[in-house]
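Asks: Chain residues, written in single-letter form:
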Amino acid sequence: MTESSQPLKLIIDGQPVPFVKGDSVLVAMLRNQHHPTGGGCLCLGGDCPHCLATIDGVAYVRTCQVPARPGCVVACTHHAHAVPALPQTHHVEPTTNARHQHADVVVIGQGKSGLAAAELARTAGQTVVTLDAAQGQDVIGIYPGAQVVARTTQGMLIVHVRQEIIVATGAAELHPVALGNSLAGLMTARAAQQLQAAGLSLGRIVVINDANRLVRFEGESNVTAVVVRDDQGLEQHVGCDTAVIDLGTTPRNMLHRMAAGLPGVRVSVVGDAATNSDVPNCPAHGLVCHCSQVGVADLQSVWDRGFHELELVKRASLAGTGTCQGGVCLPYVRSFLANKGGTLQPAFTARPLARPITMGEVAAGGHHHVTLRTPLDGVHRAAHAHMERAGGWWRPWNYGDWQAEYWAVREAVSIMDVSTLGKMLISGPDALTLLDRLYPTKVSTIKTGMSRYVLLLDEKGYVLDDGLISKISDTRYTLTFTSGGATTAELWVRDWAESWGLNVRILNQTMSLGAINVTGPLAKELLARAGLEKPPEFLSHVEAHVAGIPCRIFRLSFTGELSYELHHAAVNAPVLWRTLLDLGKSLNIRPHGLEALLKLRLEKGHIIVGQDTDFDSTPRRIHHEWAVKLDKPDFVGKHAVLRTNKVSLDKILCGLSMEGPPPIEGANLTVDGNYAGYVTSATWSPILGKTVMLAWLKLSNDLAPDRVMIDGRPAQRTETPFYDKEGARAKA
Amino acid sequence: MNLPCPNCGVRPITEFLYGELTSVPDAITDADARDVDRAFMRNNPQGPQTERWFHVYGCRRWITLQRDTRTDEVL
Amino acid sequence: MPKLDRFPLTRIVSTPALLDGIQTSTTAIVMRTAPDELFWLGSPAAPVINDPHAIIEHDTSFVGTWLSTQAATAWVSANCEWQLPTTRPVFAQGEVAGLPVKLWIEPRRMLVLVQQPFAADLGERLQ
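Residue numbers (my numbering), protein chains in the order written: chain S, 1 to 732; chain D, 1001 to 1075; chain B, 2001 to 2127.
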């Protein structure tokens, strides 16, 4: 037997069954006496939920829309509208492709009116994309933009529409509402035609074309009789194998309702989709919404509870919220409400998604937000650093031994990758004016070659960021910001420069410059070995070569030890890093990661904006009033600071210390059992042999309590810095 | 939804960060009250509103535009 | 994964009028990233600009790759929500594959550039 003469087979609930070329999965199933959901009026038009099944592992698939393929695996997981179980095993969905296309016009539906609309648009010189469910292009949503998103046989297609969306989706047939409408053997007139054309025998047929005469369907699982009312009003039993429902049509206008009102695009509806619905009479019994299993009695109950508007009835009853999105029930819910309230209410709002889609289809074309990598990222990974995401960047948390890293800083020398710092260059005749109006410090008193630690305040007087201003010349300054704050800082600085109409040039150097912090009592010795004879004094900066690499060297300290920050072209970072490690070998150098740094800085009581500060942290609340010069004519936030200074202080950021291990960051403080604040940073200090913390502490009667409880343990308010109070080590 | 960047062209809104443009009603005349209003109060009009958007993924500059808050239409 | 190369370039920040006056070159790639900023890539070197306040930065942080028109079209169609300009050669910038990219599009090829912090992700997302 040759391959081509073998019968085509698909697998239904584990059994191979034959099908005929051209069959949809549904037709193949019916050909073999399988009803996917066990019953309900089949439409074969993709409008109803009665042919749902799981195909090749994907649930909620309308089998009438899927061509049968040899070997495709069908599971009747939606029998009687049951909810299929989620896979219990680890499940990885295959990647779904996405494609973007741009067009003047999108025509949805390629029946007679859709074809005509597309032709008309093309003739008018417009670029047209057509999407047709019959050709496997299933529109699942229309979004502002405007974007029409369709599932296609090649993945998800996103069409960006410039001018017009034309909905030409035709009309669906009405389903019956009556007792027994969940039996098998019910189908619409078009469905019956298609099945007969496909060679299926429908047995004895009864055609229902008058809803008012329909009383009920009878049968065990398959319909065996239809009960109708005759001209005299008497019930007549008509025996049958198939009940053909021919009750009229309702426009398929869901996508029109979804698109209507989107900005920047025309939306029109043509052909049968633009017609008015045949409004059937809603009978007193029967299931209306099969997806959510809502019967007429449920609608009545919702009505009795006072929900009379269609949108509310939808939400209260859940009719129309299932996989067919009202395809079956909407005409009946409308007629139910019209009977009750006297007016026919417009169809409910349609929103994406129009059809169930898989998680892979949701994710198609999407990307994770990038976690940035410094120019030393590869170097850290090669050194087997444990990398963590922090402030939007991948950063070394440790290199395997945080304690050794910590002690290298405190007792010898260490380096850290601080390329993540926000870095900005400001140049121009108005550079000083800009910075003096932006920052609460007196920028005019910063001398050329000097740097100053600064706060950046917003108009509410709250701390936005902190960093360093360094003066290069009368018209040129560099700024640094926190790692997470670089973008906010850039848009902040540009906004004010523009608003004030100042003559400045601004360059964000965050990514173009690498930065390495050299820190520890032997830092100066290391730099001398790297050829730097005259390193800068505390809070000054110089341009010089280090290990042959041009750097701008800043002298400040976050760790509390002697520190030099080397800023250099990003490309040079790996060479500089390796050279420093080589030169420092006999000094017992080792790099440190964030884990050690967070201890080092907390011992010094240095805040991290965003961790220790909150959205409403005024300089006064964080004890940084020294950084704010209120005798300056003006700066952003000055009025707010003056105002907030008039009210009594309600909370402060303060240092705490305690015996034993640190509490979790965020732990509550209590005084006499009452809430008194929370911990923002906490760590065990190796050099002090106790836990040190920063915490927000509520004041009572303008007084801060000296002792608080944290997790049932006492903690003592402690002046910061906890370590080296005079700062002698940093200034050495 | 798209925004027209005069430097880069029409781009999806996801490329931008929103920056509100504060304006203090003329009726407020006291300097201190104007300052409070500017810092804390938003007009939230129903209709056209002037807005600033920062084009993060493109030119990294501010653009100013008018948007109808009822329809999201850029005017 | 395509090999990414470093594309050292000169960034010039100055006044729009002065940048408008810069003679472009037939060999260097000149990208006007903003009214007050210009990228100069390749030889000859960027011209001297008559602005004592101009910021001239030799930026070594850009990496990228040339794609054939065919590869570029496929990549853009799968990853770009906005429409590329149709003139050639042309500069364009925006989000592609979730990354802030600078594109230089010639008749037969396209240069994709990102700053180094995005390079690893560009490499993955070009596949």
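Keep in mind the hints are simulated off the structure, nothing from the lab. Quantities reported herein were computed from a predicted structural model and do not represent experimental measurements. Do not rely on the hints blindly, as some may be mistaken.
As the list claims (entries may be wrong) - Just so you have them, the derived chain B footprint on chain D, three or more residues with Cβ under 8 Å:
1. 1017–1025
2. 1056–1067
As the list claims (entries may be wrong) - Calculated Cβ distances over 10 Å to all of chain B for the following chain S residues:
3. Q101
4. V370
5. R373
6. D377
7. R452
8. T475
9. A570
Glycine included, every Cβ here is placed at the ideal spot set by N, Cα and C.
Asks: For every hint, state whether the structure bears it out.
Replies: Going down the list of hints, with the structure as the test:
1. 1017–1025: Per the Cβ count (0), the hint is violated.
2. 1056–1067: holds (count 6)
3. Q101: violated, 7 Å
4. V370: violated, 5 Å
5. R373: violated, 5 Å
6. D377: Given a closest Cβ separation of 7 Å, the condition is violated.
7. R452: holds, 22 Å
8. T475: violated, 6 Å
9. A570: Given that some Cβ of chain B is not farther than 10 Å from that of A570 (chain S), nearest at about 4 Å, it is violated.
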